[in-house]
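Colleague: Model the full structure from these sequences, guided by the hints.
Each protein sequence line maps, in turn, to chains B and P. Counting from 1, position 190 in the first sequence corresponds to residue 190 in my numbering; the numbering is continuous, with no gaps. Counting from 1, position 83 in the second sequence corresponds to residue 83 in my numbering; the numbering is continuous, with no gaps.
Honestly, the hints are just simulated from the structure, not real lab data. Just so you know, not all the hints are guaranteed correct.
To be verified - Calculated lysine to any residue pairs in the SDA-like style (CA-CA distance at most 25 Å, straight line): (1) B/Lys16 - P/Ser31; (2) B/Lys11 - P/Ser31; (3) B/Lys6 - P/Leu35; (4) B/Lys246 - B/Ala149; (5) P/Lys41 - B/Asp57; (6) B/Lys11 - P/Arg44; (7) B/Lys147 - B/Leu188; (8) B/Lys6 - B/Met31; (9) P/Lys41 - B/Val39; (10) B/Lys11 - P/Gly30; (11) P/Lys41 - B/Asp116; (12) B/Lys11 - B/Pro23; (13) B/Lys16 - P/Arg44; (14) B/Lys147 - B/Tyr129; (15) B/Lys192 - B/Gln152; (16) B/Lys192 - B/Asp116.
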Amino acid sequence: MEFTLKIWRQKSHNEKGEFISYPMDNVSPEMSMLECLDVLNETLMVRGEEPVAFDHDCREGICGSCGFVINGVAHGPERATIVCQLTMRHFRSGEELIIEPWRAEAFPLIKDLIVDRRSFDRIIEAGGYISVSTAQAPDGNAILVGKDAADQAMDAAVCIGCGACVAACPNGSSALFTGAKIAHLGILPQGKPERDGRALHMVAQMNAELFGNCTNIGECTGVCPKGISLEVIAIMNRDYLHASWKRREALEATIPPALERNTHRT
Amino acid sequence: MTRTAQGLDTAVGEIRALREEFWQNVTVPGSGDDLNQNLEKAGRVADFFELAELMCIDARERNESCGGHFREESQTAEGEALRDDEHYSYVAAWGYRGTGEPPELTKELLEFHNLHPSQRSYK
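Modeller: Here you go:
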């Protein structure tokens with residue numbers, strides 16, 4: 001197969017970027033999009049040019065490292081597919097593929113297709129965990145979880161934190177991501193004790209970052225490589241409202257978001 | 001997988017030659033001024049040359065068979081691993097002493113008070 005890859009090249013956050021076209025022939029239809037970039041990088045290296053920088057790790061769709069926009073769609077045209085699992089046979093030979101990084105205020109560009117997604121890490125730090133004593137593994141049957149709850153939690157837990165939802169959202173909102181994290185822990189009995197604080201703190205941190213607000217457009221769920229549904233945003237809003245009401249007396253002063261951590265960002 | 005003293009000596013020589021070639025001929029595109037994934041990878045390859053050489057040196061030093069380390073020179077008549085507890089009852093820790101310098105061996109002796117090691121049998 002033959003393609004023209006029109007790729008966004010930008011040396012660093014402070015320098016101007018531009019699209020550069022790279023013609024490619026002999027592309028195997030079985031190659032993944034990332035492997036196609038690997039092949040391109042090999043030829044660039046042989047020519048003495050700088051390879052295209054892009055994030056990648058597991059290449060089996062579970063780590064969340066990779067991701068970029070292809071022809072205007074985050075992770076490309078296939079539904080529920082991340083770019084490492086997107087094979088070239090899904091494109092027509094001769095096509096021009098416009099490849100650019102996630103574009104969002106909250107994800108400052110580092111280089112070429114790599115963006116800084118530490119804003120996601122800070123949201124997780126704010127409450128995306130459960131506090132339990134470690135040591136011996138608990139008895140598997142000690143805490144019973146109904147099939148419905150287990151399924152619902154798992155549907156949210158499949159979020160790999162790639163950032164496609166933010167990149168696809170016209171507002172640059174991270175509601176789907178934060179919602180998935182809040183939902184998957186809050187639905188399970190192990191996550192219930194911290195449910196209120198989790199919703200309050202994670203939403204506060206999300207608001208402190210440079211994400212926009214959710215206006216129920218739904219593009220996020222459309223591009224999500226794991227097909228996470230908008231329901232998680234409703235769960236987040238419900239948990240947040242519930243916690244705000246329960247703690248309304250304490251909340252007269254707004255919860256201070258962890259702004260000081262943002263100062264580390266360059 | 002088995003090892004011999006001669007094979008390990010050959011390996012050390014080959015790794016050193018490869019490492020020398022790497023440092024002479026390596027091409028790293030880009031610069032060190034911004035994020036450079038290729039520089040990162042080149043650094044990892046350089047580390048692996050040192051690690052690979054050290055693994056061979058360590059295996060060469062231990063003239064016995066023990067666990068996954070099977071030295072052909074040290075086996076029973078039946079072809080089973082033969083330990084040499086008199087000389088090798090220690091855990092080896094190697095210290096880096098600079099490029100081209102042989103690493104320094106520190107031994108942490110294994111002392112057995114109640115249960116004493118004996119020849120294993122998987123039969």
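Colleague: Indicate, hint by hint, whether the structure satisfies it.
Modeller: Here's how the hints hold up against the structure:
1. B/Lys16 - P/Ser31: Holds: lysine 16 of chain B and serine 31 of chain P sit about 17 Å apart, inside 25 Å.
2. B/Lys11 - P/Ser31: Holds: lysine 11 of chain B and serine 31 of chain P sit about 11 Å apart, inside 25 Å.
3. B/Lys6 - P/Leu35: holds, 21 Å
4. B/Lys246 - B/Ala149: The given pair, whose Cα atoms are some 23 Å apart, holds under the 25 Å limit.
5. P/Lys41 - B/Asp57: holds, 13 Å
6. B/Lys11 - P/Arg44: holds, 23 Å
7. B/Lys147 - B/Leu188: Roughly 11 Å between the alpha carbons, so the hint for lysine 147 of chain B and leucine 188 of chain B holds.
8. B/Lys6 - B/Met31: Judged against 25 Å, a Cα distance of about 18 Å means the pair holds.
9. P/Lys41 - B/Val39: Holds, because 16 Å separates the two Cα atoms, which is no more than 25 Å.
10. B/Lys11 - P/Gly30: Distance ~10 Å between lysine 11 of chain B and glycine 30 of chain P Cα, so the pair holds.
11. P/Lys41 - B/Asp116: This hinted pair holds, its Cα atoms lying about 20 Å apart.
12. B/Lys11 - B/Pro23: holds, 21 Å
13. B/Lys16 - P/Arg44: Not satisfied, since the Cα-Cα distance of roughly 30 Å exceeds 25 Å.
14. B/Lys147 - B/Tyr129: holds, 22 Å
15. B/Lys192 - B/Gln152: The given pair, whose Cα atoms are some 15 Å apart, holds under the 25 Å limit.
16. B/Lys192 - B/Asp116: violated, 31 Å
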